[in-house]
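Colleague: This is what each chain is made of:
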Amino acid sequence: GNSVTQMEGPVTLSEEAFLTINCTYTATGYPSLFWYVQYPGEGLQLLLKATKADDKGSNKGFEATYRKETTSFHLEKGSVQVSDSAVYFCATGAPGNQFYFGTGTSLTVIP
Amino acid sequence: EAGVVQSPRYKIIEKKQPVAFWCNPISGHNTLYWYLQNLGQGPELLIRYENEEAVDDSQLPKDRFSAERLKGVDSTLKIQPAELGDSAVYLCASSWGLAGEQDTQYFGPGTRLTVL
Numbered sequence: 385g386n387s388v389t390q391m392e393g394p395v396t397l398s399e400e401a402f403l404t405i406n407c408t409y410t411a412t413g414y415p416s417l418f419w420y421v422q423y424p425g426e427g428l429q430l431l432l433k434a435t436k437a438d439d440k441g442s443n444k445g446f447e448a449t450y451r452k453e454t455t456s457f458h459l460e461k462g463s464v465q466v467s468d469s470a471v472y473f474c475a476t477g478a479p480g481n482q483f484y485f486g487t488g489t490s491l492t493v494i495p
Numbered sequence: 003e004a005g006v007v008q009s010p011r012y013k014i015i016e017k018k019q020p021v022a023f024w025c026n027p028i029s030g031h032n033t034l035y036w037y038l039q040n041l042g043q044g045p046e047l048l049i050r051y052e053n054e055e056a057v058d059d060s061q062l063p064k065d066r067f068s069a070e071r072l073k074g075v076d077s078t079l080k081i082q083p084a085e086l087g088d089s090a091v092y093l094c095a096s097s098w099g100l101a102g103e104q105d106t107q108y109f110g111p112g113t114r115l116t117v118l
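Keeping their order, the protein sequence lines are chains B and A. Taken in order, the first sequence gives residues 385 to 495; the numbers are from the working numbering. Taken in order, the second sequence gives residues 3 to 118; the numbers are from the working numbering.
To be clear, the hints were calculated from the coordinates, so they are not data collected in a lab. Take these hints with a grain of salt, some might be off.
[What the hints assert, rightly or not] Pairs of lysine to any residue, SDA-like flavour, derived with a Cα cap of 20 Å:
(1) A:K80 <-> A:I14
(2) A:K13 <-> A:S68
(3) B:K440 <-> A:T106
(4) B:K444 <-> A:T106
(5) A:K17 <-> A:Q82
(6) A:K18 <-> A:V91
(7) B:K461 <-> B:D438
(8) B:K436 <-> B:T455
(9) B:K436 <-> B:T449
(10) B:K436 <-> A:G99
(11) B:K444 <-> B:V466
(12) B:K436 <-> A:T106
(13) B:K436 <-> B:Q482
(14) A:K18 <-> A:S68
(15) A:K80 <-> A:R114
(16) B:K452 <-> B:T408
(17) B:K461 <-> B:E399
(18) A:K80 <-> A:V7
(19) A:K13 <-> B:G425
(20) A:K13 <-> B:E426
(21) A:K80 <-> A:S9
(22) A:K64 <-> A:P20
(23) B:K436 <-> A:D105
(24) B:K440 <-> A:D105
(25) A:K13 <-> B:P424
(26) A:K18 <-> A:T116
(27) A:K80 <-> A:D58
[To be verified] Now the stretches of chain A that chain B is said to cover, found in silico as 3 or more residues with beta-carbon under 8 Å:
(28) 45-55
(29) 110-116
Even glycine gets a Cβ: it sits at the ideal position worked out from N, Cα and C.
In isolation and in its complexed conformation, chain B is listed as follows (with noise of 0.2 Å):
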């Protein structure tokens, strides 16, 4: 079945530090990768998404390519700011729209 493998945390930060997510997937077909942001005491957030190989999703200076030949969606942001600080998922998609979602990465940006 599908499943999503992506960086433990927690990672710490400076502020305008770059940053990495890593996420790897396996799946059968072709899953569309999502990330999804989870700030303190609020629900889940659709940060970026990507359909299909090569495809790079972004939105908030954040930034994921979907690789499948190295079968990863890592997440990037060039400079990072305290208000980023989250919980970010990795998430795949599969038939009949059941996402399986990694286990979150904790972000914190330190000023």
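Please arrange chain A on chain B, whose structure you already have, making use of the hints.
Modeller: Chain A only, in chain B's frame:
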């Protein structure tokens, strides 16, 4: 446009008591999901509805959990009786698409259940 609405946001009960959670999805969304999120983990699907039909409830512990989505709009998830291990956040999500489509899922804020 209003997002997914869930209530209550927080619930504290004693073990063996019943509890119910309510979800109203985004207007027009055909598919509704209930997820369980334990601390430090990602959401895990409990049940998925397409309109009023439960099309995937394989992960729902049917001895104590039940759900309904009458009229294919809002939904209720019930636990009876609750156990200590049920303490978690219960998330509701909805999406436009039906089976076979990998649509974006939109999540509500969740209900944090504490069982004492």
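Colleague: Now look at each hint and say whether the structure bears it out.
Modeller: Verification of the hints:
1. Only pairs whose Cα atoms come within 20 Å are accepted, and A:K80 paired with A:I14 is accepted, the gap being roughly 14 Å.
2. Taken as a hint, the A:K13 and A:S68 pair is honoured in the structure, with Cα atoms around 18 Å apart against an allowance of 20 Å.
3. For the given pair, B:K440 sits about 16 Å from A:T106 by alpha-carbon distance, which is consistent with the 20 Å threshold.
4. A threshold of 20 Å between alpha carbons decides the hint, and for B:K444 with A:T106 the separation of about 18 Å falls inside it, so the pair holds.
5. Simply put, A:K17 and A:Q82 have alpha-carbon atoms about 10 Å apart, close enough for the 20 Å limit, and the pair holds.
6. For the hint linking A:K18 to A:V91, the alpha-carbon distance of about 18 Å falls within 20 Å, and the restraint holds.
7. Proximity of B:K461 to B:D438 is assessed by CA-CA distance (about 18 Å); at most 20 Å being required, the pair is judged to hold.
8. The suggested pairing of B:K436 with B:T455 holds, with an alpha-carbon distance near 12 Å, which does not exceed 20 Å.
9. Annotation: proposed proximity of B:K436 to B:T449 holds, straight-line Cα distance about 10 Å (limit 20 Å).
10. At most 20 Å may separate the alpha-carbon atoms for a hinted pair to count; B:K436 and A:G99 meet this at roughly 18 Å.
11. With a CA separation close to 13 Å, the supplied pair B:K444 and B:V466 stays within the 20 Å bound.
12. Of the pairs offered as hints, the one joining B:K436 and A:T106 holds, with about 14 Å between alpha carbons and a cut-off of 20 Å not exceeded.
13. Taken as a hint, the B:K436 and B:Q482 pair is honoured in the structure, with Cα atoms around 17 Å apart against an allowance of 20 Å.
14. Pair hint A:K18 plus A:S68 holds up; C-alpha atoms about 15 Å apart against a cutoff of 20 Å.
15. A hinted pair counts as satisfied when its Cα atoms are at most 20 Å apart, and A:K80 with A:R114 qualifies at roughly 14 Å.
16. Using a Cα cut-off of 20 Å, the hinted pair B:K452 and B:T408 holds, with the two alpha carbons roughly 10 Å apart.
17. At most 20 Å may separate the alpha-carbon atoms for a hinted pair to count; B:K461 and B:E399 meet this at roughly 12 Å.
18. Restraint check for A:K80 and A:V7: satisfied, since their Cα atoms lie roughly 17 Å apart, inside the 20 Å limit.
19. Between the alpha carbons of A:K13 and B:G425 the distance comes to roughly 15 Å, so the proposed pair stays at or under 20 Å and holds.
20. As the CA atoms of A:K13 and B:E426 are separated by approximately 16 Å, the hinted pair is consistent with the 20 Å bound.
21. Note on A:K80 and A:S9: the hinted pairing holds, with a Cα-Cα distance of about 12 Å set against a maximum of 20 Å.
22. For the proposed pair A:K64 and A:P20, the alpha carbon gap of about 14 Å is at most 20 Å, so the pair holds.
23. For the hint pairing B:K436 with A:D105, the CA-to-CA distance comes to about 13 Å; that is within 20 Å, so the pair holds.
24. The straight-line distance between the Cα atoms of B:K440 and A:D105 is roughly 17 Å, inside the 20 Å bound, and the hint therefore holds.
25. Straight-line distance between C-alpha atoms of A:K13 and B:P424 comes to about 18 Å, which keeps the hinted pair within the 20 Å bound.
26. Using a Cα cut-off of 20 Å, the hinted pair A:K18 and A:T116 holds, with the two alpha carbons roughly 12 Å apart.
27. At roughly 17 Å between alpha-carbon atoms, A:K80 and A:D58 fall within 20 Å of each other, so this suggested pair holds.
28. Coverage of the stretch 45-55 of chain A by chain B holds. Counting CB-CB distances below 8 Å, 4 residues qualify, and the rule asks for three or more.
29. Here's how the stretch 110-116 of chain A fares: 3 of its residues keep a CB closer than 8 Å to some CB of chain B, so the rule of at least three is met and the hint holds.
Checked against the numbered hints given earlier, this structure breaks none of them.
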